[in-house]
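Participant: These are the residues of each chain, in order.
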Amino acid sequence: MIIQGAAIYVLWLRELKRFSRAKSRVVGALAMPLFFLAFLGLGFRKMMIPGVSEGVGYVSFLVPGILGMSLLFSSTFGGLSVLWDKEFGFLKEIMVAPVSRVSIVLGRLAGGVTTALVQGISILGLSFLMGFKINTIVALPLALVFMALISISFLGLGLIFASKMKDMQGFNIVFNFVIFPLFFLSGALYPLDNFPVWLRYISYIDPLTYGVDGLRAVLIGVSSFSVLFDLVMMIGISLMMIFWGAYFFEKSKAV
Amino acid sequence: MHAIEVDRLIKKFNSFTAVDDISFTVEAGELFGLLGPNGAGKTTTINILSTLLDATSGHGSIFGFDVSHDKHDVRKNIGVVFQEVALDVKLTGKENLEFHAMMYGMGKNERRDKVKEVLELVELTEKAGMLVETYSGGMKRRLEIARGLVHKPNVLFLDEPTLGLDAQTRRHIWDYIKKLNRESEVTIILTSHYMEEADYLCERIAIMDNGKFVASGSPEQLKDVLGGDVVSLELEGNDGNLVAHLNSLDWIETLTKHGGVLSLTMERGERRIPELITAAHNHDVKVTCVHLRKPSLEDVFLHYTGRTIRDQEASQSERNRAMMRGRMGKRR
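Protein chains in written order, with our numbering: chain A, 1 to 255; chain B, 1 to 332.
Keep in mind that a hint or two might mislead.
Simulated crosslink set (DSSO-like; lysine-lysine; CA at most 27 Å straight-line) [as the list claims (entries may be wrong)]:
1) B:K140 - A:K253
2) B:K212 - B:K179
3) A:K17 - B:K140
4) A:K166 - B:K116
Worth flagging that the hints you see were computed from the coordinates, not collected in a lab.
Values in this document were obtained by computation on a predicted structure and should not be read as measured data.
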């Protein structure tokens with residue numbers, strides 16, 4: 001089906017306007033990751049964690065993980081926000097327009113990735129103020145690529161859930177049984193090497209594992225896999241998620 | 001070619017049949033009304049014709065484009081004002097319209113002109129820069145009607161356009177709709193459970209009940225089935241030869257007498273009252289009270305279904321609640 005640039009642009013624009021007007025949403029989206037960073041960072045500062053070398057320190061180890069967490073939360077919610085539109089009727093306005101469903105998905109993606117990146121960059125910026133250091137400046141653009149790929153993957157996941165759910169009732173279930181396990185399994189808070197082997201295998205099917213590992217690799221030069229492997233995995237996963245998201249969205253009904 | 005053509009349309013939700021084998025056509029430029037109680041299947045019909053739902057069987061087409069196969073072309077040709085508010089309340093009125101215009105692929109200049117034009121039409125120019133969440137119900141409705149017109153659709157669907165609005169705003173919106181239909185070529189299909197709304201606005205009406213059409217025609221045709229206006233005369237004392245005289249008049253369709261009250265049905269009752277009074281006077285019968293009642297579509301609904309629309313709504317919402325309970329139960 002056709003890709004309609006104007007429609008994608010206006011869907012993106014709408015997302016940005018809504019985001020910039022919801023001050024509490026912006027503050028809330030930044031507060032939680034920063035609290036995690038501050039309290040976990042301070043609390044575990046003196047602790048020796050196997051797998052985190054002394055040269056790196058826990059705070060530096062934690063920053064990429066918290067970045068990943070922020071992207072995971074905001075992007076999954078971004079995908080699920082289709083349900084808000086359904087609840088408030090606006091989805092019908094979108095669905096009845098002569099716009100291909102692919103363009104609608106792309107417009108939502110563009111909006112979701114942009115707002116997620118704004119949050120991610122803000123957190124990264126604030127962590128620099130808290131003393132986080134990166135090896136080279138080249139790391140930043142690469143980190144942005146990883147951040148975008150993480151965001152795309154979970155927007156797709158949110159979209160799949162949104163297409164399968166009728167209303168916001170299942171929201172808590174998704175939060176408790178999908179988002180939180182994905183977060184904890186990803187190794188955002190601790191090295192995966194500390195997991196028992198069977199659990200480590202489960203964490204390998206978590207997309208965020210490769211996202212956080214990739215961010216760690218480019219930002220602080222510590223990782224379980226090679227950057228290239230993480231990158232290839234993330235590209236593959238994000239493409240797959242988007243394809244599925246678009247597929248289920250296409251099949252879903254606005255009423 | 002018909003503007004809208006519907007052929008044996010059926011929509012089932014599990015075992016519940018929302019739309020039960022309906023067929024109709026609407027000509028270009030016509031203002032057609034679907035009238036019936038809540039739950040009669042009007043909105044489901046609109047949702048199918050506007051490509052949001054797929055029919056279980058049967059066909060619908062808009063200017064020759066099939067609503068289940070040529071969705072993209074159908075969407076380009078229609079504008080929809082949904083029953084529930086479908087605005088983004090976090091955007092301003094103008095932004096909602098611009099969003100719409102861009103979704104419909106309108107160019108920059110055309111967009112600017114048209115948005116300005118429709119805002120003026122619904123008298124929202126001054127409020128255009130305010131967030132929609134600050135709008136009143138009537139303003140939201142007007143904005144939605146304006147939005148439905150931005151891309152110059154050939155067919156405009158209005159699903160319960162005045163639901164929940166006060167009498168004054170309702171009258172206002174009726175005027176817009178009439179003006180719109182008169183001045184632009186747009187074909188309008190409107191649903192309502194307000195009898196007087198359909199009567200006032202629509203050239204042709206289909207009365208819908210339990211998913212089926214029970215009658216259709218112009219409001220006048222539908223009301224004619226009831227035999228015209230009812231004139232009641234309250235008489236004092238003996239009626240003498242008056243009844244015999246009235247029975248001989250060919251413009252009186254029916255005559256019944258209950259106690260001291262004569263009920264007559266006729267066309268254009270208001271013009272016949274003086275004649276009736278004169279006749280009574282000539283027969284030395286004193287008339288103490290005259291009452292004229294024009295049949296309403298409410299009477300037509302009663303005539304065809306044996307129930308008033310309000311009765312029907314009560315039982316319908318009872319049934320919907322039962323259905324909801326069933327659905328919720330299944331989900332858990």
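Participant: Checked against the structure, which of the hints given earlier come out wrong?
Facilitator: 2 and 4
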